[in-house]
Amino acid sequence: MWPVICEWIGRVLSVLLCAVAVKLFDDFLDVERDRKGDCYNFTYLLGKGTPIYAALALALAGSIYPGMSLPLFFASYSIGMFHDLRQSFPSGLSGLQESFFVFFLGVLLWGWQGMLFSLFFIFSIQLFDDYLDSCQDQLAGYRNFAHRLGKTECLLLAIVTLLISWWLDEFFFFPTLLATLIFYSGIFLYQRGKPSCY
Amino acid sequence: MLLTVISMIILLLIGYCWGKKVGHREGYQEGLAHLPLSLRQQSLEQGYCVLCKEELENKSSPHN
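Chain order of the listed sequences is V and F. Just add 79 to wherever you are in the first sequence, counting from 1, and you've got the working numbering. Just add 384 to wherever you are in the second sequence, counting from 1, and you've got the working numbering.
So that you can see chain V by itself, here it is in the shape it has in the complex (with noise of 0.2 Å):
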């Protein structure tokens, strides 16, 4: 029984950590819009050591569950191009290049399963957060998911994409989920009560 209990924590840990880094390297990258939109921003608190921190973290969770957390990762810089899909990057490809680009050397490395799954999990989390930043990102004058889609479409697609990623690997949905839960619990009470901008 212990060691599928400790299997287990150690998926969810996994997650966590890559949720982490994956966090630390958005809020690096988006720390202008963020002071524009008045949002709290973990630059602010870790500084130019944000990059480290993330890497740090990443390099972790790559170490306990390295089959789960790193298609996730992989997802995650794969949808994040979404917003910029013809903006040129210093790799010289554009943005729906090298999403493409990452997605297959995920699929390449990971196996179909499990980047499908990772995709469709992180579009779905992506999907939820824009729903719930859309009067934020408003204001910062960012166009998300909501504003593109229509906020009722947006929440319908999320669940749409997070039953998908249930579909496609159970094994792999419920530590994951339950990390995703256990990451925007904290956030929330983290950021509760804080000042939005230094």
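Wrong hints could be hidden among the right ones.
[To be verified] Selected chain V positions facing chain F (in silico; Cβ < 7 Å):
id	residue
1	Val239
2	Leu242
3	Trp246
4	Leu247
The set of hints was computed from the structure by calculation and includes no laboratory data. By construction, the Cβ of each residue, glycine as well, lies at the ideal position given by its N, Cα and C atoms.
Given the coordinates of chain V, work out where chain F should sit on it, guided by the hints.
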């Protein structure tokens, strides 16, 4: 079971998007039909044209 729920929500999403599009089109047509009447009513109540602020004399509306 899960696939049935997914299919139902996808159908709900398609129906919602379709209904919203049809509703927008019909609402726009109704708005276009209602707008001149609403403007005329407001102009008569205010005593001047609400578009160009021209005083109404014995005319029912300056834009007849």
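Status of each hint after checking the structure:
| no. | hint | in the structure |
| --- | --- | --- |
| 1 | Val239 | holds (5 Å) |
| 2 | Leu242 | holds (5 Å) |
| 3 | Trp246 | holds (5 Å) |
| 4 | Leu247 | violated (10 Å) |
Violated hint for the displayed structure: number 4, the only one.
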